[in-house]
Structures are given as C-alpha cells and as structure tokens.
Amino acid sequence: MREKITDFFKPLYYRVPILRPCMAFVHRKFLIATKFSGWGLKTVHELPWSDKEQEKKFLKASIDIKKKFEFSKNAAQVNRNNIDELLWRNWIVSYSVRHAIEFANTDYFNFVECGVGDGVSAFFALREINGNQKIIGNFAMHLYDSWMAMRKEGLLESELSHVGRYAELSIEKTKKNLSEFKDNVIYHQGYIPESFNNTPQSLNQIVYLHIDLNSANPTLATLEFFFPRLVRGGVILFDDYAWAGYEDTKYTVDAYFDGKPGIMMKLPTGQAIYFR
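Following our numbering, the numbering of the sequence shown begins with -18 at its first residue and continues without gaps.
Calculated from the structure, these hints are not laboratory results.
Heads up, a few of these hints could be off.
[What the hints assert, rightly or not] DSSO-like cross-link-like pairs, simulated, lysine-lysine; straight-line CA separation at most 30 Å: (1) Lys41 to Lys23; (2) Lys16 to Lys47; (3) Lys41 to Lys247; (4) Lys49 to Lys33; (5) Lys33 to Lys48; (6) Lys49 to Lys154; (7) Lys133 to Lys48; (8) Lys41 to Lys115; (9) Lys47 to Lys154; (10) Lys23 to Lys115; (11) Lys49 to Lys16; (12) Lys115 to Lys156; (13) Lys47 to Lys115; (14) Lys49 to Lys163.
Please model the complete structure; the sequences and the hints are all you need to start from.
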C-alpha cells in the first residue's frame, strides 16, 4: 500500500517543486515504516542487528532469554513481554563487548558488570564472548550485585525514592538464568563498595566494565576502584548515564572523567561508552 501511494505521487513531486517540502514531510511522517521503537528511541533506519551474523548471535540471545529466563517480579520492569523494546540498549552491550575483545591490550580477558539483576545484560555479553574465536576459554565474567533491596546508605537525597527497590532479586535465580556460562562466571554478592574487598577476590586488570547501579555514589566508587585496572583499549559502559531522573549519576561521571584520557561516546539510548 505504501509503495502504491508513493508511486502515485512521485510524478507530482518532480513536476511541482513547490510541493516537495510538504510531500517529503508527509512521506517521512506517514509512509516510512518504523523499524524500532523502545528505550526512548524510535527509528525508520536499518537496524544494526539485521545482518546474518547478528541474527545468528544477538537475536538468538534475545529469543533464548524470552524462552528460558525466570524474571523477578517487578525487577526493573523488564520481562519477556517487553524485552524487545530493549534491543537497541542490549545491542550496545554486545557491541561494547566486541570492541573490548578486539582492542583491549591483554592476554587474559576479565569482564565486569556492576548491577546485574536477573542477568539480562550479562547474558547478551556472555553470548557475545562465547561466540568469539579470539578468546574461547580465556576469559572470566565477574558479576557484582547485592541481590537485595537498595539500602539508604550512600544514596543522595534525589535517590531516596529508590530505597527498598529490587528486594525481589535472587542470586540463585540469576545463576540459573546464566547457567550455560557457569564455568566462566564469578559472583560477588554484596553492597558496593564493600563487595570489592570481599571474597572472591577482585581483579587487577579488566577489559570491560558495565555499570548499571541507578545511584551516583556507588557508580563513583566503582569507577574509583576499576578505572585504574582498565587496560588500554578497554571500555566502560554506563547504563543510566543520560536517563531522566538520574542526572546526579551523569554529573558524577562527567566530573570523574574531566581531564582523563579517552573518549566518552554519549548515545541516544541514554547509555554512554567510555573508550580508553
């Protein structure tokens, strides 16, 4: 139907130049199909996961999450019914992992995620890692989360409404969701920053750090602990960087990186990637 309408008006577009701006607006607004809408982003353009390689890996991961995952009730409001709305967000996770593998200057690949929840982001990251011939078996994923309710300690006044959130999370549920990667995943349960000094021992160097903590001070503590351990070519992915309601996290991150080497890529999904 869209093609027929376009063909009908095409001769008029070329014969009457004065109508072109109006016709172009109508075409963009009503005749071009939206290819993705979700996570604060809407686009009519080709999607980065539409090639054969990404279909095999990235989209397969999304399908398997919907089939196999056990989601915590109300945890971050993510479930199998709306997870496709996060595809752009999760593709950024997969891309960041690929970039770290390709460019990190290291012989062993340590990946870190702080703020794990049910394990959705970690699943996408681990599928990307497992499918990469460069590092088969030569990696570890370290996951940090309290898997308990957010505590008041360390929160800013603007964040106090978060107290008690995520009480429904369960580390056992997350372990089950990520069971196919169990030989390469290390769990660090506890509140940040205390868990950085607990057993199992934290790392001396890393290639990838994903921060999704929904709070400024724990984000800063994570940067202070792991940034000196990030190898050249490594990446840090921020989930909450530009989201409405998390402005204090953005201010904290910007202040931390002021004057430091590297590049911060700010994304329309609200995420940001720091490239060292």
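Query - Straight-line alpha-carbon gap Lys41 to Lys23, limit 30 Å - result: holds (22 Å)
Query raised in the report: Has the given pair, Lys47 with Lys154, been kept, meaning a C-alpha gap of at most 30 Å?
Result: With Cα atoms ~15 Å apart, Lys47 and Lys154 stay inside 30 Å; holds.
Report task. Assess, step by step, whether the Cα of Lys33 is no farther than 30 Å from the Cα of Lys48, and give holds or violated. Result -> holds (21 Å)
Report task. Please work out if Lys133 and Lys48 have their alpha carbons no farther apart than 30 Å. Result -> violated (35 Å)
Query raised in the report: Between Lys16 and Lys47, is the straight-line Cα distance small enough, at 30 Å or below?
Result: holds (20 Å)
Query - Distance restraint between Lys47 and Lys115, which requires alpha-carbon spacing of 30 Å or less - result: Since the Cα atoms of Lys47 and Lys115 sit roughly 28 Å apart, the hinted pair holds (cutoff 30 Å).
Query - Pairwise hint evaluation, Lys154 against Lys49, where the allowed Cα distance is 30 Å at most - result: Since the Cα atoms of Lys49 and Lys154 sit roughly 12 Å apart, the hinted pair holds (cutoff 30 Å).
Query raised in the report: Is the straight-line distance between the alpha-carbon of Lys23 and that of Lys115 30 Å or less?
Result: Violated - the C-alpha atoms of Lys115 and Lys23 are around 34 Å apart, more than 30 Å.
Report task. Quickly compare the C-alpha distance for Lys49 and Lys163 to 30 Å and report which way the hint goes. Result -> It holds: about 15 Å lies between the C-alpha atoms, which stays within 30 Å.
Requested in this report: Please work out if Lys41 and Lys115 have their alpha carbons no farther apart than 30 Å.
Outcome: holds (21 Å)
Query - Distance restraint between Lys49 and Lys33, which requires alpha-carbon spacing of 30 Å or less - result: holds (23 Å)
Query raised in the report: Taken at face value, is the distance from the CA of Lys156 to the CA of Lys115 at most 30 Å?
Result: holds (25 Å)
Hint compliance for this structure: hints 7 and 10 are broken, all remaining hints hold.
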